[in-house]
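*Asks:* Listed below, chain by chain, are the residues.
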Amino acid sequence: MENLLEVKNLRLYYHTSKGAVKALDDVSFSLKEGETLGLVGESGCGKTTTGVALLKMPSPPGRIEKGSQIIIDGTDIVPLSDKEIRKNIRWEKISMVFQGAMNCLTPVYTIGRQMLETLNEHRMMEEKQAVELIKEYLGHVGLPPEVMNRYPHELSGGMKQRVVIASALFLKPRLVILDEPTTALDVIVQAQIINLLKELKKTFNLSFIFITHDLALEAEVSDRICVMYAGKIAELGTNAQIYGKEPLHPYTQKLLQATPLLHKKVDTLAFIPGTPPDLINPPTGCRFNPRCHCTMEKCFTEEPPLIEVEPGHQVACWRCVK
Amino acid sequence: MEFWNEFKRDKSGLVGLGILILCILLVVFEPLIIPYKEAGTKWRSIEYWQDNSQSAPPVWTNLFTKTKQAASADLRDFSKTVDADGNTIYQFHYNYQYDLAPYDLIIRAVGTGTIPLTVSVMRPDKQVIELFSTSLYNLSENEPIRISILNSSRDSALSFVREFESEENFGNIQTMSAGVTEIIFSEAKPGFVQNQIPLKGNYIFEIKVSQPIAEEGQEIPKVYFEEPHISVVGRVSGLLGTDNSKRDIFSGIIAGLKWALLIGFFTSIISVFVGVIYGIITAYFGGKVDSAMMFFWDYFISLPVLPILIVAAAIFKPSIWTLVGVLIVFSWAGSVKTVRSIALQIKEETFVEAARALGASHGRIIFRHMAPILIPYSFASMALAVPGAIIYESTVSLLGLGDTTVVTWGQILNDAYQGQAMLTGLWWWIIPPGLAIAIIGMTFAFLGFALDRILHPKLQTR
Amino acid sequence: MYKWYAIKRILKGIVIYSLLIFTFSLLFNKVADETQRSQIEEQVRAEAMRQKGKKAEEIKAFQDQRRKALIRLYGLDKPYFEKVISRTVKTLTFNFGKSTIIKSSDGDRDVRKIIFETIPRSLLLFTLAAIIELIIAIILGLKKAQNPGKSLDKGTTLVTMILYGLPTWWLAMLLVMLFAYIIKIFPSGGMYSSPPPEGIMRLFDMLYHMILPLATLVLLGFWGGSFFIRNIVLSILQEDYIMSARARGIPEKKVLFGHTLRSAAPPIVTMVLLGIIGSLGGAIIFEGIFSWPGMGNLYWIALQQNDIPVLLADLAITTGIYQLGLIALDLIYGFLDPRIKVGGKA
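Chains as they are written, first to last, in the working numbering: chain A, 198 to 519; chain B, -11 to 450; chain C, 106 to 451.
Chain A with its partners taken away, still in its complex shape (with noise of 0.2 Å):
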């Protein structure tokens, strides 16, 4: 099977004042159709930048660089014309559902209202096909038609979480972007979200980047796991090889440590010490490398590349080279 999606060296740098801060640099993955992809790391590590890069709208001073390829079906959309992106890729073949739905709709606008904006701006449609292509959407994500004469600040978070979700598949893309989709809810709407995601994705065959920082998240949702850190991938995955055997990268092996076990008892709770890294000036070397346990002395003078340990499992550290 061809892949949906494959992103080369895509390079994102926000040019401030003080400097280029690399958010992401040089990274690479690829997504198959009906996979869904999760994408983890501390805060700043680059993941919600990945989301934006693939809908190519990275906030000023944002850009991203030259050489950097974003190939969805077969078109690298970064060449293309902000224009051609808004009428062809964004929310037609990409969509995406930001963190914090919450503020994700206008005030002063109705749910129907809204939707409808969106869909007449991708489709020709006659106003009763497109009610009722939005109530009928708004039925997936179990939500009752009346929404549609709502205002957001009407609806409890899950609601304005399933609206969302709700206009981000209507207009039936290849890939929906998830970007932290339940962090602000409780944990009994969380799970009725993930299993709505669940069931969408079977039923309209969709394929998901799924962002979290939520390992437990990741692993009950996500067929394979990209972790991040500092704008880097440091270890690519399947779930069985992430969190089935005991992970490569000393990072993702931390960051499992640091997550406490119900059944497990602990004195201490475990933690990743020092800071994620300027990306202004990142470390020399391996990014990780003030924070490792078991550094070498290539590791303070020679970035890692991504290499292949196992098929399907990519690792970014010389420990793992042999």
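Just so you know, these hints were derived from the structure itself, not from any lab.
Possibly wrong hints are sitting among the right ones.
Unchecked claim - Below, simulated DSBU-like cross-link-like pairs (lysine-lysine); rule was C-alpha separation at most 30 Å, straight line:
1) C/K117 / B/K335
2) A/K280 / A/K205
3) C/K248 / A/K253
4) C/K358 / A/K290
5) A/K369 / A/K399
Based on these hints, arrange chains B and C on the given structure of chain A.
*Replies:* Just chains B and C now, kept in the frame of chain A:
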């Protein structure tokens, strides 16, 4: 120090600070800078300004005109000699380089008893005109003497003209366009009845105080004549000209500066302070207290300030400080709403709950925990409230309802309006006071906005 | 939901307004009293003049009798508080009485007529100015928000700060001096030439007279508005829902004018309304400089001529319009912001 670095970032804040410091210096050094020392207290005294030019443009307007008009001056240097007959002669030198003669010359002195005196002038063309000759009798102790050449030397001037003018032209004397001073300062040649050509050069004015004739067998009475000086009443005067009551406008502006600052400071500081405390208290206590306090506030904010201010001023004719008080009463309500909303959010912060749990009293929480967060923000509000206060006062003064015992810029503008300055195009009367108000306003706007940018409590809770 | 909000607000406004009028009646009771007494005296004298062929004592007796009757009629012999209350009620019901000197345009001394004539003149000028200022402020404010920190933004903000403390009436004085007396191209005051022309020319004549005051107001007025709009729009543009709208493919124009401006409408409308009622308050001087026969000018004339009934009535009306404006503000804000209009969570 962090604050100072932040503050320096924006140039306008620095400009504001600079101008403010300059103004404070001007107020402190007012006695040194102000040309007319008693302008502040003697603004309405006709006597004080008697010898000044009336409605004269500023001196520097001469730079822009071909005909240079004579500027006002004070001749105080003289040489005193006694001649063979025992007469005391005071000589004043005046270098005249203008095209248009001064409006008048005022001879001033102080004297006692009987004083025979003669005033004459020797022109650069060596012609001498006797301007004035008389004996002053029975002057009381150190009585001020004032002789206006314009008034007293008409006949002398006419005789002088007659000497040099053709008979024919002199016959047309009715249509003479020259005044006394024009004659004194122009070339003596036929035709100078109608057309004066200025005679530039050194003029020597002489005041001769003669020995009075002694009575039979009596001693020669002593002549007490002191402090002579000559005021040249120019056609242009001062840095900012004069108004129609001969007052030097620059002095007025300097004298008014301290009032503008005082009014601004007191009104803004007190009213913002009251407003902030009010806002915190009403937010802190909430519930019924909040409802009642906010209702009271609603009442106050619904008052149209200016109309009421005007009626109150008309009826009660307040002094400047009473006016400030009234301004405060009307202005405190302005800051309450914003402060209240910020205070409401602070109230929700856990540290307030913690303080209560620890047993802190209401007063302590309000003044020790909540107020300190808002005080920096209130500085910005205070700065931004100053221009408003100054404008209110100047509006009331403009209508003639202000405190006439002090000079404020609004008063000057009132005089200008009453004195038909708009009609007669006396721009130097209208522009400086208003410009001063605008500049002070601008200064505090710069300061206030710079402070606001730095000190506004950036609310973390979204 | 909204109906309740609206009713509560209007009621509160009425209560406050009544309190304000009560305060005025309290403060100016003495002065108003004196005025009424002298008006009564005037009337008594006039009536006495018409008594022909009576002896001096009889005339005097007649005057005393009439005086007493009129005093009783107007309630001037009642105790203090009764007088204040009755005056409050009279003012609230727009029962303003007669003026002492001022006449309306058709010679009437009915204060209500006098005042109501002047209201539309003020409103015309200030509302028109506000509309023009708003249009300029929106255009400029949006442009500034789209390129924040660049030269247009910085430059206009600087000018805004420079003009912050400049009194409008002073600029008025300058412009009148310049354009009406030095370069004589505009009239120095008034609303019409005298005598006013007929028909359509009357309209043009009024517009001609409006140019200078309108220009003064607009020249100073739009700066603050554009600064305000710029800040509001900027803060909204940083909101997540704007980014989300862009991501969904909404074109930039719609994002700006639809989502952004619409969300900014409540505070912007607040600003505009506050501006109008604020300028009405300051109209006293402003109209005076231009001799524009509006409420502000009337106030000043009444003050100078000591026409207390007109003065108090003008004060009452001005306060009333002020309060109406504040009420309208809250109501419109509530209407425009769905969070208030529709309220609560489902």
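*Asks:* Please go over all the hints and tell whether each is borne out by the structure.
*Replies:* Hint by hint, here is what the structure shows:
1. The hinted pair formed by C/K117 and B/K335 meets the criterion: a straight-line CA distance of about 27 Å does not exceed 30 Å.
2. With a C-alpha separation of about 23 Å, the suggested pairing of A/K280 with A/K205 holds against the 30 Å cut-off.
3. Between C/K248 and A/K253, the direct Cα distance comes to roughly 25 Å. Compliance with the 30 Å bound is thereby established for this hinted pair.
4. Restraint check for C/K358 and A/K290: satisfied, since their Cα atoms lie roughly 23 Å apart, inside the 30 Å limit.
5. Distance restraint check for A/K369 and A/K399: the Cα-Cα separation of roughly 13 Å lies within the 30 Å cut-off, and the hinted pair is therefore satisfied.
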